Amino acid sequence: MHQNNLSDLHRFIDRPTSTWSGRNDGAGAAHRRVHQAVTSLGQGAPDSADAVFIGFASDEGVRRNGGRQGAADGPAALRSALGQLALAQGRNSLRHTDLALLDAGDVVVSSDLEEGQKKLAAAVRASVDAGVLPVVLGGGHEVAFGTYTGVADSRTRKTAGSATSQQPGRLGILNLDAHFDVRRAEQPTSGTPFYQALTRERAADTSCRYTVLGISEANNTQELFDTAHELGADYVVDEDCGVLNQQALLSTVREFVASVDIIYLTLDLDVLPASIAPGVSAPAGYGVPLEIINVVLKEVAASGKLAAFDVAELNPSFDSDGRTAQTAARLIHTVLTYYTPLSSAAPSLR
562 MHQNNLSDLH RFIDRPTSTW SGRNDGAGAA HRRVHQAVTS LGQGAPDSAD AVFIGFASDE
622 GVRRNGGRQG AADGPAALRS ALGQLALAQG RNSLRHTDLA LLDAGDVVVS SDLEEGQKKL
682 AAAVRASVDA GVLPVVLGGG HEVAFGTYTG VADSRTRKTA GSATSQQPGR LGILNLDAHF
742 DVRRAEQPTS GTPFYQALTR ERAADTSCRY TVLGISEANN TQELFDTAHE LGADYVVDED
802 CGVLNQQALL STVREFVASV DIIYLTLDLD VLPASIAPGV SAPAGYGVPL EIINVVLKEV
862 AASGKLAAFD VAELNPSFDS DGRTAQTAAR LIHTVLTYYT PLSSAAPSLR
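Position one of the sequence shown corresponds to residue 562 (the numbering used here), numbered consecutively onward.
Because the hints were derived from the structure by calculation, they are not lab data.
The structure displayed is predicted, hence computed values, not measured ones.
Heads up, some of the hints might be wrong.
What the hints assert, rightly or not - Label-pair restraints from in silico Cβ distances:
id	residue 1	residue 2	range
1	745	847	42 to 52 Å
2	804	884	29 to 39 Å
3	658	884	21 to 31 Å
4	654	851	14 to 24 Å
5	760	672	41 to 51 Å
6	575	609	44 to 54 Å
As the list claims (entries may be wrong) - Here are the simulated SDA-like pairs of lysine to any residue, each with C-alpha atoms no more than 20 Å apart in a straight line:
id	residue 1	residue 2
7	719	683
8	680	661
9	859	815
10	859	656
11	680	761
12	679	765
13	719	762
14	679	714
15	859	806
16	680	603
17	859	655
18	859	810
19	719	765
20	679	572
21	680	716
22	859	820
23	859	813
24	679	568
25	680	859
26	719	603
27	679	747
28	859	654
29	680	690
30	679	761
31	719	859
32	679	716
The beta carbon of each residue, even a glycine, is placed where N, CA and C say it ideally should be.
Please work from the sequences and hints to get the whole structure.
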């Protein structure tokens, strides 16, 4: 666990979170669930914490991009589903379950998306530099530019590079997504964050690698593929992300991790098949199997290079049975329980 230095985090938050709740089977570690590991920042933070939740209640980017609105309600649904999950270890488990978690509350976006992204960036930057993993609960995928900016501008990134170089560390952005989200547009949307990020990196002459797993050739125009190629993006299409391709995909992920100094990991829930994740802004007709997404999250969380993680596009208004929220919660649980802090030795998952 890391010592907190998050006293100013509340300055960037628009809405405090309500108290987490869930089933209570009794006192002590033997009965512990996620909701019992969470302290709201306004209630006084513990001396140390592993991660801090930051909600990004926005679907303004989805509206601008012509998608199905409703993702602004995603943070509350994610908290509700995640709070119920147990913190337990099976035989030979590598999970870390003695977690101390904070909840900072929500950045709330109405029509001023750009201001919301600035607030989120400041909150993420403060968390990263305090040595506490920010877990950002979206919200549309416009959340990504805020999370990226917070990591990119952090002191942690600046010191992650070579001691002999004046350049900040090489940033790796790993996006689990059916879409590139590299649209060119007059204003930011849920479809533009990685175009914004990569053009910002080019303008600053800094080193950044963008890799996407799960790209759908049926849901990205040739213009988007051409833009991704122009920006130097790496990707694996959804048809090559099946269970039979798991070892090759893990090799790709491990090569990505080895090539960068610090990682921003982003999960767009529309990378999953619509049968598993119907409650998203743009459901996937094909998608990547849940077990593949889970094993990739394990690998990156345990790498010792993960600086920030966000989850995007949960749309509770299209998730009548809570299936998508429950799936997303389980994946967040994977990241939290396999997370190895920056610069720490990662346990082997092989």
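Is the straight-line distance between the alpha-carbon of residue 679 and that of residue 761 20 Å or less?
-> Holds. Residue 679 to residue 761 sits at ~15 Å (cutoff 20 Å).
Given the hinted pair residue 719 and residue 765, is their alpha-carbon gap at most 20 Å?
-> 13 Å, holds
Holds or violated: residue 680 to residue 603, with C-alpha atoms at most 20 Å apart | Distance of about 18 Å is within 20 Å: holds.
Does the alpha-carbon distance linking residue 719 and residue 603 stay inside the 20 Å limit?
-> Status violated; Cα separation ~30 Å.
In this structure, is the beta-carbon distance linking residue 760 and residue 672 contained in 41 to 51 Å?
-> 24 Å, violated
Distance restraint hint 21 to 31 Å, applied to the beta-carbon atoms of residue 658 and residue 884 = Distance hint for residue 658, residue 884 holds at roughly 25 Å.
Hey, residue 859 versus residue 810, does the alpha-carbon distance stay inside 20 Å?
-> Holds, because 13 Å separates the two Cα atoms, which is no more than 20 Å.
Is residue 680 within 20 Å of residue 661, Cα to Cα?
-> The given pair, whose Cα atoms are some 24 Å apart, is violated under the 20 Å limit.
Range hint 14 to 24 Å (beta carbons of residue 654 and residue 851) holds or violated = 19 Å, holds
Between residue 680 and residue 716, is the straight-line Cα distance small enough, at 20 Å or below?
-> Answer holds: residue 680 to residue 716 is near 17 Å, not above 20 Å.
Taken at face value, is the distance from the CA of residue 820 to the CA of residue 859 at most 20 Å?
-> Status holds; Cα separation ~18 Å.
Given pair status - residue 859, residue 719, alpha carbons within 20 Å = 26 Å, violated
Going through the hint list in order, the structure does not satisfy hints 1, 2, 5, 6, 8, 25, 26, 31.
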